[in-house]
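S.K.: These are the residues of each chain, in order.
Protein chains: 4
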Amino acid sequence: MPDLGAVLNEIAAEMAARPDRGVVADYIPELARADASAFGIAVIDGQGETYAAGDADIPFSIQSISKVFTLTLALGMVGDRLWRRVGREPSGNPFNSIVQLERERGVPRNPFINAGAIAVTDVILSGHQPSEALGEILRFLRFLGQDDTIFVDKAVAASEKRTGFRNAALANYMKSYGVIENPVDFTLGVYFHHCAVAMSCRQLAMAGNYLAHAGRNPATGLSVVSPERARRINALMLTCGHYDGSGEFAYRVGLPGKSGVGGGILAVAPGKASIAVWSPGLDPSGNSHLGRIALEMLAKRMGWSIFGTDGSSAPV
Amino acid sequence: MPDLGAVLNEIAAEMAARPDRGVVADYIPELARADASAFGIAVIDGQGETYAAGDADIPFSIQSISKVFTLTLALGMVGDRLWRRVGREPSGNPFNSIVQLERERGVPRNPFINAGAIAVTDVILSGHQPSEALGEILRFLRFLGQDDTIFVDKAVAASEKRTGFRNAALANYMKSYGVIENPVDFTLGVYFHHCAVAMSCRQLAMAGNYLAHAGRNPATGLSVVSPERARRINALMLTCGHYDGSGEFAYRVGLPGKSGVGGGILAVAPGKASIAVWSPGLDPSGNSHLGRIALEMLAKRMGWSIFGTDGSSAPV
Amino acid sequence: MPDLGAVLNEIAAEMAARPDRGVVADYIPELARADASAFGIAVIDGQGETYAAGDADIPFSIQSISKVFTLTLALGMVGDRLWRRVGREPSGNPFNSIVQLERERGVPRNPFINAGAIAVTDVILSGHQPSEALGEILRFLRFLGQDDTIFVDKAVAASEKRTGFRNAALANYMKSYGVIENPVDFTLGVYFHHCAVAMSCRQLAMAGNYLAHAGRNPATGLSVVSPERARRINALMLTCGHYDGSGEFAYRVGLPGKSGVGGGILAVAPGKASIAVWSPGLDPSGNSHLGRIALEMLAKRMGWSIFGTDGSSAPV
Amino acid sequence: MPDLGAVLNEIAAEMAARPDRGVVADYIPELARADASAFGIAVIDGQGETYAAGDADIPFSIQSISKVFTLTLALGMVGDRLWRRVGREPSGNPFNSIVQLERERGVPRNPFINAGAIAVTDVILSGHQPSEALGEILRFLRFLGQDDTIFVDKAVAASEKRTGFRNAALANYMKSYGVIENPVDFTLGVYFHHCAVAMSCRQLAMAGNYLAHAGRNPATGLSVVSPERARRINALMLTCGHYDGSGEFAYRVGLPGKSGVGGGILAVAPGKASIAVWSPGLDPSGNSHLGRIALEMLAKRMGWSIFGTDGSSAPV
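Residue numbers (my numbering), protein chains in the order written: chain D, 173 to 488; chain W, 173 to 488; chain R, 173 to 488; chain U, 173 to 488.
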């Protein structure tokens, strides 16, 4: 077994040296300002030990990674009834495509494309005031991340709202089919705010640790979801977690993961590790360019791919 | 650890009793004739021991499962150059959709939808006579399955050819973009024939065993592909192996797998088992109805999901 | 030449007797309340004489017919620069499809589908207050219709706004591509209001008379557009005026026309007549069922099809 | 009334001088060889007088213009039953799109896109030998064109067949839905051959003259179709005759017409003239660039637009 701390330091050094860094999202000034040279990684191993390298303590905008946590929350609230409003299949389209919604009468393909996450947010909102729903989500993230300093970046949320016409189109479209139940502005308001949560790699790895350990974070002893639900969320991340680059991520990295346009990726090695990586430059599918490469290296060097190991297969 | 043999017998008994059996494919008489009450399963465990229950020795038409083996063969012939002709993303469309081909200029999304498998077949054909290419594929399957009685069902192949207008449309469409290089009839001929290979669950589990063990079949000691390539084929099966039901299969079963319209499914528990199941009735996505349910039970009872276990996470 | 008055009376009598009346739009209560037995028709001939039959003086919601007049107004304001924001091709899709917008980067196919008419409305709005723009449109309609009692049905507008999520999706989608320049709510507000204008067949035939006579209403002597522009608006009505039933309308009726979901149709026999017909029941494409049939009869009996006459061709 | 002969000479002179000539189709060598500097036009007026200018007697490949004549022939054979196999709506897609076929279960949108014309050809073939059907079509064209020298260019047909994979895809796709009844190769063979017919502008104007005169060619006295059918074919040409440039052609020219990728356009001024124009360079929609411009000039100078005149409207 390679030394995890050493591996992370190697990876961080390699990443710092690479000239190819992807393209920082620039659709809002708050994201455009991100430092393309930043790179951070944090890993919690099976013993609950945290290892980190690079900019692992700098908060960044988690963006779509929040969709993993809102999915978890919504499943806790309504269980499998959630699947009446959103599917579980890869979309075969970019993250913000509206074509599929027309073909499937307003039901988004999965909870990790924008339309699906808006529908999930609508379930969480469910008749409450937006501020209450957002408070609930934030409390959940602080509980998962074990850190009360986790916060919503209001400037990011305001910018998202100001420019979020594509998401408004998706939400209104779903509303026209009754898939969105609350006022569109309320649902979008909560959505924009939870995407604007800022977390560091260290906080994010802690927050996702329950997914690596049968639904229970061994670092805290607290149970979040059942083992079966943890597996299923992992399965959804594997098939749908990286928009139209999900197949590529599975092929290269071999771990369930969810990326955000802020450059973060949360990845899970079931039974072994919770991993958060951050580098703001994106590839053409909208996923962190160096984040993906770093995870590919990490999974390979640690033998963490869920699709098999290098070695001769040991007896079960 | 539950007793695998007992688990298989339980599952076979439960499957025999279920009234819901899906719908047998009826687009050609040879498939329509299949017995909806049939159910077979075979598993090779990490020690190379084979367990079986039900109709595990009856040959059935493997249909699209052959795509896993032709992909393996083509990667062996041209390596990563294969990916110039076919993508690695889930399609978000039914298995025989042509819409995506128009949007992406004739390049199919992945090797497991029909268009993609036809493109892969074209790579294998590569200037040879169809009979030579088919001979090569059949030899490969017999080698993998360790059984020289594995055969092409000529009646199935002839029926497929006679009715395969949708596949002819896909092939001609790709040809118009230069993605198919051989004469369309040649490529389709080989494609229809390798889809018409008949194998039993026992043979199929043996043939897929290399995918469970880092590319090397421990039962024979023969190496088929590198560990990395085995992982990557598994990843493709997970994200794309069940047409537009791939997300659902990952969500429920949690194992890489490839289904065929003949009612077979090959599934892989990396490091643990190679599994073949067969029941001719299909669900609306075209995957074996009872096959999927049986695999869900098996993965759950044996704790084989690649997305995590039930138990408390053991230290790494 | 048949007697126009007699022909209209015959048609009105035939329409009153028909059992098939289409289906009244019911997405808002104000339209759902329309009387399915209503039928009205008004024609202004080349001498400026008005003929009418049936319920030709009952105001109805003109809905999409307003798109002809807003197009005329916008062309008067910005000329051919309008075509940077909207195309001139039939859409091949239902009136409220959003698929095409994704394929063509937010530019709607023509000014007569909803997306296109919203884009045209945005051009008219152009930095003004919604109330000013709406006032301008209403003044234009009263001028064209020569009747200051033409009004906006506020209850209809309010209902449209309350339920218009699909249109909000279209507008937000175009806004995301910069095709909409004003605040989405402003543009939609004006759009919903001009669709809610109520007019009678008599008023509508008068308002459209300029299109039958080289851009100049001979009944008033006032010039509205150039002869070339009148021809071009007629061409757009012919190819795009009836949503995905435009080909059918051209095939059966052979006159440029524009329908509305309130059951009205404005049609033009160039050089010969301006025609307005109204019957609230719609066919599956969203066009007045009896309105189309009445126009088919009228064009046939009067020999008005733009695609040729019955008789032997006279010398030019 | 301007002098037609003089107008044609002016137009031919203007066209000869233009530097913008479009792009000659180059998908087969026989078309690629066409002389981009060629331009011809022929018009038969209401008195049966023929006027011509430029290269009006050089035969060119009529390509898709043949679709007008095969439609006429098929309607003569099966009447309105034809519409069970093909629609009458503009497609909103390029001429060889297959997307629409998937959405509408193999039924092409109209007889003037490739898929629709293949379906029409299949109706004409209807159980006969391909050579018989082709003979029938050729006899019909020679009868319409009043010239027994009209011929099929076998080299063009052979090249079309050798490269026609996209059309083979369309035909096989329709066959999979039962829309094509004959063997695909038979239907395609006839299709490729009738598209390969060569005609001069003079022959083509004569062949289309029945459409200008209520279905009867006054130059020969022979009746081809009923007045109503002539109008309806004209309507289809107007809405669908120029692929995804049909709206633009109606908007600019204002005449029913059908273009071919060989650079020809047949246009009809109902009651006034049959027009054929030819210039091999194409615009991006696949229609003759100078052909369209010449027709726009001609219609404008002669006042032939079906959408209205320049002058003050004369009494009916």
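These are calculated hints, taken from the structure and not from any lab test. One should not assume that every hint holds.
Heads up, the list lumps identical chains together, so a pair's fine if it works in one copy or across two of them.
With a Cα cut of at most 25 Å, we get these calculated SDA-like pairs of lysine to any residue [unchecked claim]:
#: 1; residue 1: K326; residue 2: R401
#: 2; residue 1: K326; residue 2: A189
#: 3; residue 1: K333; residue 2: D217
#: 4; residue 1: K333; residue 2: G248
#: 5; residue 1: K472; residue 2: L394
#: 6; residue 1: K326; residue 2: G220
#: 7; residue 1: K326; residue 2: G218
#: 8; residue 1: K472; residue 2: V250
#: 9; residue 1: K472; residue 2: G443
#: 10; residue 1: K472; residue 2: W255
Being a predicted model, the structure only gives us computed values, none of them experimental.
S.K.: Now, for every hint given, state plainly whether the structure supports it.
M.R.: To see whether the hints hold, each was checked on the structure:
{"no.": "1", "hint": "K326 to R401", "result": "neither (32 Å within a copy, 45 Å between copies)"}
{"no.": "2", "hint": "K326 to A189", "result": "neither (33 Å within a copy, 58 Å between copies)"}
{"no.": "3", "hint": "K333 to D217", "result": "neither (37 Å within a copy, 54 Å between copies)"}
{"no.": "4", "hint": "K333 to G248", "result": "neither (27 Å within a copy, 35 Å between copies)"}
{"no.": "5", "hint": "K472 to L394", "result": "between (30 Å within a copy, 23 Å between copies)"}
{"no.": "6", "hint": "K326 to G220", "result": "neither (32 Å within a copy, 58 Å between copies)"}
{"no.": "7", "hint": "K326 to G218", "result": "neither (35 Å within a copy, 53 Å between copies)"}
{"no.": "8", "hint": "K472 to V250", "result": "between (38 Å within a copy, 23 Å between copies)"}
{"no.": "9", "hint": "K472 to G443", "result": "both (16 Å within a copy, 16 Å between copies)"}
{"no.": "10", "hint": "K472 to W255", "result": "between (34 Å within a copy, 21 Å between copies)"}
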